[in-house]
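Numbering (this note's numbering) for the sequence shown: 50 to 442.
No wet-lab data here; the hints were simulated from the structure. A portion of the hints provided could be inaccurate.
Unchecked claim - Pairwise CB distance ranges (calculated):
| hint | residue 1 | residue 2 | range |
| --- | --- | --- | --- |
| 1 | Arg167 | Lys420 | 24 to 34 Å |
| 2 | Ala343 | Arg425 | 20 to 30 Å |
| 3 | Asn424 | Gly89 | 56 to 66 Å |
| 4 | Gly89 | Leu213 | 25 to 35 Å |
| 5 | Arg417 | Asn198 | 16 to 26 Å |
Don't be surprised by glycine CBs; every beta carbon is placed ideally from N, CA and C.
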Amino acid sequence: MVTTSLSSVEKPDDCDRVLYLREPGTGSIHQHEIPIRFLGAGSRFQILARKDSLSGWAEALQTTPVVVWRARNREYTGRAVAIDGTDAGEVLRHFEAEFGADRVRGWFGPSVQAFELRPLASGRASYREIVESYFDAIASSYESSVTSNPFDADLRRTSLDVFLRIFRPGDRILEIGAGPGLETLVLASRGIEVVATDISAQMIRRLKAKIELEGLRELVMARKLAAGEITQLLDEFGPNSFDGAFSTYGALNCEEDLASFPPALAALLRPNSSVVFAIWNRVCLAEFVLSFLARDPRRAFARQRNPVPQGLSRYGIPVYAYSFQSFVRPFLPHFQVEHVVGVPVFVPPYDYHRTFSHRPESIRVLRRLDKAFANRFPFTRFGDHFLVEMRRR
Numbered sequence: 050m051v052t053t054s055l056s057s058v059e060k061p062d063d064c065d066r067v068l069y070l071r072e073p074g075t076g077s078i079h080q081h082e083i084p085i086r087f088l089g090a091g092s093r094f095q096i097l098a099r100k101d102s103l104s105g106w107a108e109a110l111q112t113t114p115v116v117v118w119r120a121r122n123r124e125y126t127g128r129a130v131a132i133d134g135t136d137a138g139e140v141l142r143h144f145e146a147e148f149g150a151d152r153v154r155g156w157f158g159p160s161v162q163a164f165e166l167r168p169l170a171s172g173r174a175s176y177r178e179i180v181e182s183y184f185d186a187i188a189s190s191y192e193s194s195v196t197s198n199p200f201d202a203d204l205r206r207t208s209l210d211v212f213l214r215i216f217r218p219g220d221r222i223l224e225i226g227a228g229p230g231l232e233t234l235v236l237a238s239r240g241i242e243v244v245a246t247d248i249s250a251q252m253i254r255r256l257k258a259k260i261e262l263e264g265l266r267e268l269v270m271a272r273k274l275a276a277g278e279i280t281q282l283l284d285e286f287g288p289n290s291f292d293g294a295f296s297t298y299g300a301l302n303c304e305e306d307l308a309s310f311p312p313a314l315a316a317l318l319r320p321n322s323s324v325v326f327a328i329w330n331r332v333c334l335a336e337f338v339l340s341f342l343a344r345d346p347r348r349a350f351a352r353q354r355n356p357v358p359q360g361l362s363r364y365g366i367p368v369y370a371y372s373f374q375s376f377v378r379p380f381l382p383h384f385q386v387e388h389v390v391g392v393p394v395f396v397p398p399y400d401y402h403r404t405f406s407h408r409p410e411s412i413r414v415l416r417r418l419d420k421a422f423a424n425r426f427p428f429t430r431f432g433d434h435f436l437v438e439m440r441r442r
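Could you build the full structure based on these sequences and the hints that come with them?
Structure below.
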């Protein structure tokens, strides 16, 4: 998120050579404009930042999916792409030719980070484009951030235990929101065929590299598709061609409208197929209690807004939280609910792991409470996520 209003250089007088950068109005709680020197080539713009001490705006560009900028009396919406290596050196040389080498070194120091701002063809970012751009931007760091977080690791263990209980070697399973394949490859290593989809081209690229590295090409097929685009798989695989499906921890929370998803999924599945979804919940008991104790009502009630604003969810974009009832309602004509569990209910959400890192005994107690009560009503409705198993009618 862009959270600073500081310029990357001194306050400029020649405003026709400066662009003003901000985030689009997509529910962000931060809306600042930042003046930045630029070079323009057609509709694309190149900017520099100090590499040895990145400004807040420059750090944000590496994870902010879509930005808005004003330049030459015109406003653009697009994506920021980091430029490295020899291409960054070329941008630096162009800056030195335009502004003078001494001034550029004074502004940015001896080492620079270059970015290119690329306008979207439509001129306005759709929610799906924002989601895609965000996950493209964090693809390189996503796996390490998940696997290094013990609370996130608990989520993955819980869902994998369910998958390995339900799905069998030889099954063909559809995965929605595969990311870099944290669950995909485990299932494939057990002989389960996975058609793994994700909205992010960069996530799919990383997944394909892993598939090749681990020799799983015969068992994993990766496709760049959002959840709302799975009808495209009917042309490739045909109706009733999958033995099950799953989506965990966010992919379906990043869809504006789920109404068309259940019938599309049902068309792909064989009768009596099992599906598993782990959905970011609208009511999280642990988060509510901790926020109340911290006197943070904004966080305590953040999930009651839809979309939940960027900065108040676990994601770097606005997302949609669902109660158990509101999520399963559109599925009921096509699926029957088999089981639901809160994941987790008493252990705090993943972003509290540093707060509890020095309290291992407290976490052990909370995990025991989850084991005892997370699959009992009403606690099934109060987890950070709920994990629901359904069966195709």
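Practice problem: List in ascending order the numbers of the hints, as given earlier, that are violated by the structure. | Solution: Failing hints, ascending: 1, 4.
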